[in-house]
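Number of protein chains: 2
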Amino acid sequence: MIKQYIESNQQRFLDELFELLRIPSVSADSRLKGDVRKAAEFLVNKFKEAGVDTVELCETKGHPIVFAEKIVNPSLPTVLVYGHYDVQPPDPLDLWHSPPFEPVIKDGKIYARGSCDDKGQVYMHVKAFEAMMKLKTLPCNVKFMVEGEEEVGSDNLGTFVRENKARLKADIILVSDTAIISLDHPSITAGLRGLSYMEVEVTGPNRDLHSGVYGGAVANPVNVLSKMIASLHDENGRVTIPGFYDKVVELSAADREAINKAPFSLDNYKKELGIDDIQGEKGYTTLERTGIRPTLDVNGIWGGYTGEGAKTVLPSKAFAKISMRLVPNQSNEEITELFTKHFNAIAPKSVKVKVTALHGGQPAVTPTDSAAFKAASAAFQEVWGKKPIPTRDGGSIPIVALFKDELGLDTVLMGFGLDSDAIHSPNEHYGVKNFLLGIETIVAFYNHYSKSN
Amino acid sequence: MIKQYIESNQQRFLDELFELLRIPSVSADSRLKGDVRKAAEFLVNKFKEAGVDTVELCETKGHPIVFAEKIVNPSLPTVLVYGHYDVQPPDPLDLWHSPPFEPVIKDGKIYARGSCDDKGQVYMHVKAFEAMMKLKTLPCNVKFMVEGEEEVGSDNLGTFVRENKARLKADIILVSDTAIISLDHPSITAGLRGLSYMEVEVTGPNRDLHSGVYGGAVANPVNVLSKMIASLHDENGRVTIPGFYDKVVELSAADREAINKAPFSLDNYKKELGIDDIQGEKGYTTLERTGIRPTLDVNGIWGGYTGEGAKTVLPSKAFAKISMRLVPNQSNEEITELFTKHFNAIAPKSVKVKVTALHGGQPAVTPTDSAAFKAASAAFQEVWGKKPIPTRDGGSIPIVALFKDELGLDTVLMGFGLDSDAIHSPNEHYGVKNFLLGIETIVAFYNHYSKSN
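Residue numbers (numbering that gives the first Met the number 0), protein chains in the order written: chain A, 0 to 452; chain B, 0 to 452.
Any given hint could be a false lead.
Unchecked claim - With a straight-line Cα cutoff of 20 Å, these simulated SDA-like cross-link-like pairs (lysine to any residue) come out: (1) K60/B with E307/A; (2) K348/B with A229/B; (3) K348/A with Y268/B; (4) K270/B with S349/A; (5) K226/B with E307/A; (6) K348/A with D275/B; (7) K351/A with E198/B; (8) K32/A with G308/B; (9) K226/A with E198/B; (10) K60/B with D34/B; (11) K348/A with K281/B; (12) K32/A with G306/B; (13) K348/B with N235/A.
Keep in mind the hints are simulated off the structure, nothing from the lab.
Build out the structure end to end from the sequences listed, making use of the hints.
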C-alpha cells in the first residue's frame, strides 16, 4: 500500500523537493537571511497540507525553528523528528557542474546544495507523514522540529529546547542526517563525533610590507601560521595539543574488531578519491580514524596576495579555520579551551595571535539495544532486505548530546545518504532511489516502533 | 637657477604626476591592459613636450616600452635612464585610507599606488630633463627606457634590450627605484637582492570532502602544505633547500662592519612596524638579513573555505605563492630549480604537487668606485649637504644584472623613496620633498657626471 502511494506520487514529491532546493537557505551568509526564512515558511505550508494538528514558525535570535505535531492519541508513543532546512555555502561555485540552487536529476541523482544534507532527508519525513495520514496508517504520535542553524552550530536550538520541554515531550528522537555505507549495505549510525571549530588570526607587522625590504628580518605571519599548524600533529599523525587525548575512550579489541567488519576496500576508497595514499593516525584503520578517533583539520587558510601573478608582499596577517572532530568522552568546551591555550602558547613573540571559537558540539554514542534502534534495524531489514550494520560516523550532529542532556531522550540516526554524496562540497547530490526508499523505510520504522511499545 | 625653476613649476609638476597616478596601470591585472598602455602614452607625450629628439612606444609581446632620446653631441657621454610605469595591484583595497588611484597630498606626502614605485621616481627624471632643456643646461646625451612589466618580472625587456643594443648604447644606466635611509641620511644602493617567485599547488582528494566523514583518514592539503612550508626553515631561521646557500658570497668582517655602520635603531624599527620582536637568520643583524642574506617568504596562501562562518570542508587543494630573495652569487634559475626539486621531494605520497615559477631576477652589486657612483655621491652631497651612505637593499631590480650582461653597463641606483613609503602595500606614498629634491639631485648628477668624463 505504501509502496503504491509513493510510486503514484513520486513525481509530485520530487517537484516539491525541487521547490525547496531552489531556496538558497545558506545560514552562514547573513545576506541570505530572507531566503533561510523562506525555506522555513515552505515547510510550514507542507506540514499543513500533510495534515498536522498544529504547525508554528518559532522565532529565535537567529533563524526560525519549524515545529509541527500530530497527536493521534496521547496514550500512544511519540516520535520527535529532528532535521534542518539550512544548507552549507555552495563555494567554490566554479566547481559545480550545474548551479547549486537549480536542482537537476542526472544518472538517478538529484544535484543541488542541500539535496542530501539535509533538505532531501527532511523532506522524506514530511512525505512519509503525508502518506501515513492519507492512508490513515499513522500508528503513533509525531512531532517535528526542523531548525535553520545546524550548519552554523545550532546556536539557538538549546534555548528553544530548554524553553519548550513540555511541548517536545516524546519517547524517541528520529534523525535522518547521516549516511548508509552503500545501497547494498544499509547501516545505522550508532556514534557521532563532536566538533570544536576555531578561527585563528596571526598578525605580524602592522601593515603589509615589501618582502624585499623587510623579508628575512620581520616574522612573516603566513610562515609562522604554517609552522604553528604543522606543529599540531606529530610524526605519528597524533594531535599535539596537551591533554587532547586525556578523555578519549579507548575501545576494546572486540569493539574495534566489530567496527572493522564493515565492508571497506582501501583500493576503492583511494580510487574514488583520486589519491595515491591515505594518511592518518598511526595504529588505526581508516574506519577507526574516521569513526572512533579525534582529528584536527584545517578547513580554510588565507593570507597575503592570492590574486593573479606575483606580488612581493610580506603580509600583515594570516588566518585559518581549524576544526577538531571529537569522540566520547571529549568535551567540546574543554577541547576549545585546550586548543586556545595551546595555540597562544606556541606563538612566537614576533607575532600576535587571536583565537575565536566559531562553533562546537559534543560527541555522542547511541545505544544499539533500545527498542527504537531495533525498530530502525527491522525497518531496513523489511525494505532493503538486509540487516543494517551499526557504524560510527565521522560527522557531527551536536544536537544528539543536547537532546540527551535536556530532554533525556535517545536518538536514532536513520540516515539514507551516501558518503559519496559530496555534502558540504560542490555537486552535492542525493539518489532518487535513496529518497524514495527512505520514505518507505521511515514508514516501516513507525510501524515497528509502535508495535514494540 | 635649477632650484628656482623647480620652485616656480612645482605645482604643474605635481599636477602632471597626479594625472599619471590616476591611471591604474596594474601590469599583473589583465583586465587593465588598456590602462597600462594609457600610462605609456602619457609618458610619450610628456617626453615630447620636454624636448626629446625622438620618442617611441615600442610594442612587445606584453606591455609596451617607452623609449626616448636627446643627443646633444655624439662625443659627449650618454646616460640611459631606466624606470617603470606599471604598478603593483592595490589589494587589499579596504585598507587604503584614500582610493589608490585618486592621489592626495597629506602631511607633505603624495598618497597613491605608484607614487613612489615607480611613477613618482620616473617622473622626477622627466621633469629634471625638461628643466635642463628649458634652462639649456643639459650637459650630455640622455636616453630613456621606461617599461610596463617591472612588477610582473620584466618578461619582455630582455628581448627588447637584446634587439636594440645599438640604440641603447650608453655609458651608464641611471635608475631611481630604490630608497634612501631617511631624509637626514641620504644613501645610494650599492647592492640588490635577486628573486625567485614560485607558486605551489598541493592537491589531496579529487574534490572537497566533508571533514567529518573523511577527516583523519585522508591527507588534508592545507595541513600538508603548512607542514611543507614550515620545513623550509630550520630552527636557526636558515632555508633548508639543499644547495640554497652553496653559492652565497660570505662578506668579510670589514664589509659586514661597514654595512652595520648605517644608522639603525631596533627600537624604532619594532615600534614603527608594531612588532614585539624581530625574527630572522641566526648570527646576522637586521641590516645584514635584509641586505646580504638570501631569504624565503610566503607572499600569499589560500585553500578551503575562507568565507564567513564555519564550513567543515576538507579541501581538495591548497596554494601558496613563495618567493626567495637572492644575493650574489646565487642564480635565480638555479634556485628556482633547487626549490622545485626540493618541494616535490618533500611532498608525501598522499598528495600531488605542482610548482610553477612566476618570475625571477638575478642579484646584483654595483661598484662604488666608478665615476658614475662618485657623481651620484657628489650630487647628494651638493643638494642634501651630506655624503650619502652606500647600502645593500633587500628589494630586487632584476634588470641591473640584465644590463650588465647584455649591454656591459653598470647601473647607478639613485633612488629617493623611503622604506616607510609602503610600496607594494596599502597607502603607498611619496614625500613631496623627496620628489622635488630628487629632481634637483638628478640635475646635479648630470653635471657631476659630465665633468668627470
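Against the structure, the hints:
1. K60/B with E307/A: Roughly 18 Å between the alpha carbons, so the hint for K60/B and E307/A holds.
2. K348/B with A229/B: The given pair, whose Cα atoms are some 18 Å apart, holds under the 20 Å limit.
3. K348/A with Y268/B: 15 Å, holds
4. K270/B with S349/A: 12 Å, holds
5. K226/B with E307/A: 24 Å, violated
6. K348/A with D275/B: 6 Å, holds
7. K351/A with E198/B: 27 Å, violated
8. K32/A with G308/B: 14 Å, holds
9. K226/A with E198/B: 19 Å, holds
10. K60/B with D34/B: 16 Å, holds
11. K348/A with K281/B: Cα-Cα ~16 Å, so holds.
12. K32/A with G306/B: Roughly 16 Å between the alpha carbons, so the hint for K32/A and G306/B holds.
13. K348/B with N235/A: OK: K348/B and N235/A at ~15 Å, within 20 Å.
Hint compliance for this structure: hints 5 and 7 are broken, all remaining hints hold.
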